[in-house]
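All chains should be modelled from the sequences, with the hints used to inform the complete structure.
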Amino acid sequence: MTLGRGQPSEGGLPAPAPEPVDAADRTRVGVDEWVAEAEQRRAAQTGLSGMVVRVWERIPAPGRLAILIGPFAIFPFITSQGNLYRYGLITIIYALLALGLNIVVGFAGLLDLGYVAFFGVGAYLYGIMASGHSGHHLQAEIAIPIVVVSTGLLGLLLGLTSWRLLGDYLAIVTLFFLQAFVIFVNNANGGLNDFSYPFVGKVDLTGGANGLDQIDPFNLFGYHITTTKGYYFFTLISLILLMTMLYFVNGSRTGRAWRALREDPLAAEVMSVPVNRLKLLAFMFGAATAGFSGTIYGAVQSGAFPGDYDVGLLITIYAIVILGGLGSIGGVVIGALVVNGAPELLRSSANARFLFYGVLVLALLVAMKPWYKPVIVLLGTIAFGFAVHGIASAVWSRGTAGHIEGGGQFGRGLEHWVLLPRHTQSIAGWAYFALIVAALVLTMLHGWQRLLALIPTLYLASFVWENKLVEQVSGATRLILLGALLVVIMNVRPSGIFGTARVEIV
Amino acid sequence: MLLRLENVDTYYGQIHILQDVSLEVNDGELVCLLGGNASGKSTTLKTIIGIVRPRRGAVRFDGEEVNDRPPSYRIGRGMAIVPENRRLFAPMTVKENLEMGAYLHGGGAQEDFERVYSLFPLLYERRKQLAGTLSGGEQQMAAMGRALMSRPKLLLMDEPSMGLAPILVERNFEIIKEVHESGVAILVVEQNANVSLSIADRGYVLQTGRIVLSGAASSLIKDEDLRKAYLGR
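Top line first, the protein sequences correspond to chains A and B. So the first sequence is residues 305 to 810, counted in our numbering. So the second sequence is residues 28 to 260, counted in our numbering.
Watch out, some of these pointers could steer you wrong.
Listed below are several chain A residues computed to face chain B (Cβ distance under 8 Å; list not exhaustive) [claimed, not checked]:
| id | residue |
| --- | --- |
| 1 | A561 |
| 2 | R563 |
| 3 | E573 |
| 4 | V577 |
Taking CB as the label site, the calculated pair distances span [stated by the list, open to error]:
| id | chain 1 | residue 1 | chain 2 | residue 2 | range |
| --- | --- | --- | --- | --- | --- |
| 5 | A | D614 | B | G103 | 44 to 52 Å |
| 6 | A | R358 | B | S209 | 37 to 45 Å |
| 7 | B | E111 | A | L659 | 45 to 53 Å |
| 8 | B | E92 | A | Y473 | 31 to 39 Å |
Here are a few chain B residues that sit away from chain A, every Cβ distance over 12 Å (derived from the structure) [to be verified]:
| id | residue |
| --- | --- |
| 9 | G40 |
| 10 | E91 |
| 11 | V211 |
| 12 | N221 |
| 13 | S225 |
| 14 | I248 |
| 15 | R254 |
These are calculated hints, taken from the structure and not from any lab test. Please read these numbers as outputs of a predicted model, since none were measured by experiment. Built from N, CA and C at the ideal position, the CB exists for glycine as well.
This is the structure:
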C-alpha cells in the first residue's frame, strides 16, 4: 500500500508535507501499485528523446527562448538574401501564424478552420490603407494597430458562433467563413458582379482575382523597411514579443482557464470559469495575431493575392501546430522550421540526399531498442552494399557504371556502395515496387527475422532513392519525403515534438 | 437555511425530470440524497449549481433566489461541486486543478492551499503530477480539494464513491465527514445508502423525479419503505 511514498523520483517532487495529525494513516489512501509503477516509468524514461526532453525541461524559460531564437538571430549574417527569405522570413511568418492558431486550437481547443481568412484580411486591409492600388499611403504605425483591432473584432464576431457550436459544427461554420472570404476577395474589384457600397458606390477594394498589388513597404515613423533583412528582424522581434507574451498568458489564470475549457467545458463552467467570454477572447487573440502577420506578409510580397489565403495554407499551419505539439509555444516554432524548412531544403538533390540518409539513420536509432540493434543493422547494410557492389562490378559492369552528380565526398563514397545502372528507368521502377512489397513484408516479421530482412530493404531503399527518386527531387519526391518525415516524427512523438502526452481519465 | 428548493420542476427538452422537488440544507448540515439510476439525483445537483434551470419553482441559496443566476454567480456566493466521475482536468497538474477551483479568487491564496493540503497531504506530494495519472481514490481527493478551494459554504457531491474499491469508499466517507466537521454544509448524492446514511444528519430519497421519503438519517436507515422504494424489495 505504501508503494508510492518516498520513491526516489526525479523532477523535484515535493518535500514532505506539513506534518498532519495522522499523516501516515491518511497518505496511504489511494496510493496504489499502478501509480507507483507510473512514477517509476517516468523516472526511468531513457533513450535519446527522453533525455533531450528532460534536459529541455530543466532549462529556465528565458534560456529556452534564447536557444530557440538564437539560431534565427544569427541566420541573416551567414546566408544569402534568397535563403534568408525562403528559410528565415517565411518560417517566422509561419511561426507567428501558428502561434495565433495555437491560442485558439491549442489553448482553448476550438476547431477554427477559418483562421487563415484573418491572415488574408490583415494583408488586404493593410493593402487598402497603404498601396499604389488604392491610392492611400498610411503610415505603418497607424495602419498596423487598425488592422490588429479590426481583425480582432472580426474574430470576435466569428467567435460568437462558438457559443452554440462545438467541434465539427464549429469547424464547418468557420470553414465556410474562409471560403466566403476567398470568394469575396476574388470578386470585390468593383466589377459587374460587385456590390454597390453605401455612400461610395462601386469601389475596387481587392483587385479581384489579379490581387491587390503595389502594397507599400512598412513606413514606421518615417523609417522605411525595404530590405528582406529589415523585415526579417521586424518579424523576429514580433515573434519574440509574442512568444514571451504567450508564455505569461499560458501560466496565468486565463491560460489555465483556457486549458481547462479545452479539456472539459462543463467542469470548467462549474469551476465558475466564464466559458463563453474565454472562447471569444481566444478567437479575438488568434485573429488579431493572424491579422498582424498578414500585414507583414502583404508588405513583404508587396501584394495580396486570393490564392495565398486558401485551404492549402490552413493545412500547413495546422500541420505546424500539430507537429510542434498542441498548446506548446516552443514546439510551434520548431514545427514551422520543419514544415517550411524541409521542403525548401529538399529542392536541391545534395541536400535531399543528406536529409534522406539522415532521417533513415535517425529513425533507426530512435525506433529500435536496445542500442546495439540499429548499429548491427547499419553496419550490416553498409557491408551488404559493398558486397553486392563488389559482386556486381565483377559480373555486371553496366550495373555500376552510373555516376552521382554533386554529392561531394559522400557522393563519391556512395558510388562504390550503391548500384547505379546506366539505364535506370524500368529497373528502378521495378525496384520501387519491390521496395513497397519489402516494406509490407517487414511489418509481418518479428525479432531477428525482421532485423535481417531490414538490411536488404534498406539497401533497396537507397538503390531506389539514387536511381529514381533523386531525379524528381524538386517535384513529387519532395512531398513524399516530407510526408515520410512527418510520419516518422509523429510516430516518435505522437503528441507533437514538444507536446505533453495525453492522459485520459478512464 | 442555507439551501432551499421549493417545488422545483426541471425538464430536459420535453422530458419532465424533477417533479415538484422540495428539499433544504441547513448551515453546517450533512444531507444525503439517495436514489436509484435515473431517479433525478444528478439533475437535482445540476439544478442547484445552475447548469440546468428549473421551469417552475425556486432555488434559494443563503436567503436569495438564484434561479436565473449562472453557475459562476452561485459559486461566488458559496456553492462548490464535486462533479460525477470527478472530471479533473487530466493534462493539468494537481496544483493547476486546485487553482482552477479557486478561479474566482484569482487562483487561490496561500491559506486556501494550506487548508486543502493539510486536509489531503497526498495532494501536496502529488501537486506537480498530472491529474490524469492519479488513481481513482487520489482523483476523488483532488476533486474534493479543487471544490474546497473556492471556500464554499455548501459542497455538492455527485456520487463520490463511484468507481472506488469498497475500502476506499469507506475512507472517502470518512474524509467527507472530516470536511463536514470543518464547518462546510454538504449535500451528497449517492446510490450507496448504508454508508452515506451512516454519516449524514438527514436524508431524502428520490424516485423517478419525486421525493418519496425524507427524514433523519438514523430513522431512514431502519426504514422499511426505504428498502421498498430504493432497493425494490
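Structure-based check of all given hints:
Given hint, A561 (chain A) at the interface with chain B, holds; its Cβ is 6 Å from that chain's nearest Cβ, closer than 8 Å. Here the hint on R563 (chain A) is kept, as its CB sits about 6 Å from the closest CB of chain B, short of 8 Å. Using the Cβ-Cβ criterion of 8 Å, the hint placing E573 (chain A) at the interface with chain B is satisfied: the shortest such distance is roughly 6 Å. Here the hint on V577 (chain A) is kept, as its CB sits about 6 Å from the closest CB of chain B, short of 8 Å.
Judged by the Cβ atoms, the range 44 to 52 Å given for D614 (chain A) and G103 (chain B) holds: they are separated by roughly 46 Å. Between R358 (chain A) and S209 (chain B) the beta carbon distance is about 40 Å. The supplied range of 37 to 45 Å therefore holds. E111 (chain B) and L659 (chain A) have their C-beta atoms about 51 Å apart, which keeps the hinted 45 to 53 Å range intact. Separated by about 35 Å at the C-beta atoms, E92 (chain B) and Y473 (chain A) satisfy the suggested range of 31 to 39 Å.
With a least beta-carbon separation of about 16 Å from chain A, G40 (chain B) lies farther than 12 Å from that chain, consistent with its non-interface assignment. With a least CB separation of 17 Å from chain A, E91 (chain B) remains clear of the 12 Å interface cut-off, as annotated. V211 (chain B), annotated as away from the interface, keeps every beta carbon of chain A farther than 12 Å; the closest lies near 17 Å. For N221 (chain B), the requirement that its beta carbon stay farther than 12 Å from each beta carbon of chain A is met, with the minimum near 20 Å.
Non-interface status of S225 (chain B) relative to chain A is upheld: no Cβ of that chain comes within 12 Å, the nearest being about 18 Å off. Chain A leaves I248 (chain B) outside its interface by the beta-carbon criterion, the shortest separation being 25 Å against a cut-off of 12 Å. Every C-beta of chain A lies more than 12 Å from that of R254 (chain B), the closest at about 31 Å, which supports listing it as non-interface.
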